[in-house]
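Asker: So you can see what is in the structure, the chains are spelled out below.
Number of protein chains: 2
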Amino acid sequence: MKNELLLQALKGETVDRPPVWMMRQAGRYLPDFMKLREKYDFFTRCQTPELATEITLMPIDQIGVDAAIIFSDILVVLQAMNIAVEMREGVGPFLPQPIIDQAALDQVILPDVNERLGYVFEAVKMTKSELNERVPLIGFAGAPWTLLCYAVQGQGSKNFDRAKAFCFQEPAMAKELLQKITTTTIAYLREKIKAGADVIQIFDSWGGLLSPTDYQEFSWPYIQQIIDALSGTVPLIVFGKGCWFALQEMSKSGASALGIDWTCTARNARYLSGGQITLQGNFDPSRLLSPIPEIKTQVKQMIHAFGKDRYIVNLGHGILPNIPVDHAKAFVDAVKEYQS
Amino acid sequence: MKNELLLQALKGETVDRPPVWMMRQAGRYLPDFMKLREKYDFFTRCQTPELATEITLMPIDQIGVDAAIIFSDILVVLQAMNIAVEMREGVGPFLPQPIIDQAALDQVILPDVNERLGYVFEAVKMTKSELNERVPLIGFAGAPWTLLCYAVQGQGSKNFDRAKAFCFQEPAMAKELLQKITTTTIAYLREKIKAGADVIQIFDSWGGLLSPTDYQEFSWPYIQQIIDALSGTVPLIVFGKGCWFALQEMSKSGASALGIDWTCTARNARYLSGGQITLQGNFDPSRLLSPIPEIKTQVKQMIHAFGKDRYIVNLGHGILPNIPVDHAKAFVDAVKEYQS
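Just so you know, the sequences run in chain order A and B. Using my numbering, the letters of the first sequence map in sequence onto residues -12 to 327. Using my numbering, the letters of the second sequence map in sequence onto residues -12 to 327.
Each hint can be trusted.
No distinction is drawn between identical chains; accordingly, a pair holds when it is met within one copy or between any pair of copies.
Subject to a maximum C-alpha distance of 20 Å in a straight line, what follows is the list of computed EDC-like cross-link-like pairs (lysine to aspartate or glutamate): (1) 145 <-> 76; (2) 283 <-> 157; (3) 181 <-> 120; (4) 162 <-> 281; (5) 283 <-> 3; (6) 295 <-> 320; (7) 22 <-> 60; (8) 283 <-> 204; (9) 26 <-> 76; (10) -11 <-> 117.
These are computed hints drawn from the structure, not numbers from a lab. For clarity, every value in this text was computed on a predicted model and none was experimentally measured.
Construct the entire structure; sequences and hints are all you get.
Answerer: Here's what the structure looks like:
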């Protein structure tokens, strides 16, 4: 690998500067992405390895990040399980038949992932080949709880109230669904690694909607299962948005790194995670709307606060569509200019 | 006062059991509220002292909470400042002319609160009279940052991206708006106290969207101004949703109590707030959808975790419209059944 910074940081090795990438870095703030978006709908882009590869490479070539993350969506796993997912303009993901009772749950299958998600593995292989060992490639999956949120709620939500109600009123059914998602995710990630992913990230975007007790019941055990099943393969990053309260447990899970959002200071994150594990984050995506000199100052302060080692520079959530490209580039450049 | 539990808890006195009330307790889960809602639109209910009084008293009579909170809305303060606020079906608050530039900001006035918000003070007086000293009456206001979120974004939002962009790109304008809101809020709360409010709560519903550094720049100083201005009047409760990272600073502010959301355990909340200040919270509103026996068990566990003294039982955010009345009542009953 020509640029091994990410892998070094995940091993806890000393580096000259931390690696940098951005969640949703191959996204709507990039003009070239928007051009492809006009021609192909969302799932066509996911399902066509050539398109997924082209999109994955954009931020490597145009922004200069230190890692690629395969262009895909966490919801493809639900699709593979026979849960229909549409992408509706102005609504986002829409699931016409949410899983709200045993009858619906019985229709959810444990798929042959090669049959149903082969296009993802093809995209990973093609991207690896195109990358030609320039930077590592990250594969990813949603945490089972986050996927349940969509499967039950049927669409995005501020508080995923229907999904939570389902868990609290029908915990046995909820756990059956969570287990099906977990089993599928493990099979899916194993194939993604076989196809060439160098690192895996688990996104628990909605873990922070749960109380710490409910998180231990409905989210964490399923993430831990995934970590255990993938143990000994590639480094794994767990990002739980709003999950500061679980950082201690997460730090003992076998994950190589933990993602941090911007409400948790570097100091709190290091303290809560025990000070030894690699951390990733945590620039507020909205802060990329600040003037460029301020972005650069704040990035340097952030690296200083986290420390250059055992640290991966990233945002605290996905980049927003309205971020100017030169602001995203300034974020990355500030890391490259860092001198300890 | 016949029931002084809330005032005792706010003074840190020893009590037989903690007081209990629920944020948004006079709300859409109550059938009688829904009947009034069919007849009168939102702001008519706020602006008619007889209706506001009737609604405020509903949960006292029907659920048995230990405190009343005047029925109103945080956005009436913006209306008084010449910022139009509509309540649109299916959308919620909608501000047709958001404050996005200096020209709009120049139209924002520092109102004579008695002239523009006299109906709130009338409602407070009428409610105090109807309550006849049964329980204390809480008056409230939104935190300046939370009001700015609506004033700039123009409606509710998952991340209030436009409001944050305004602050980060035009900090001087943002602070001018925050100061105008703060000055108006202080005048408003002084009159509310004069009218009879026994306690004041500040709601910073969106403080947790900011990084700790940005919270110190755009939210906290304005809340501290309000606390300082009201010092020596009535006890003040500050609730910052998602603001666990600021609990230490908040605990030194002169506030009598701090509201806690359900992502912060009792243990973390006590630790972060220094162990001395009264805390209020933090049942997940969605957890009121659990079966009644489970609600009762969890409420007792919660009291045990916070301790019965220096504690006010509440939810971690407003009660949801789909909570069955008997579940809300079970929450309150569980507190009354508590024996240490």
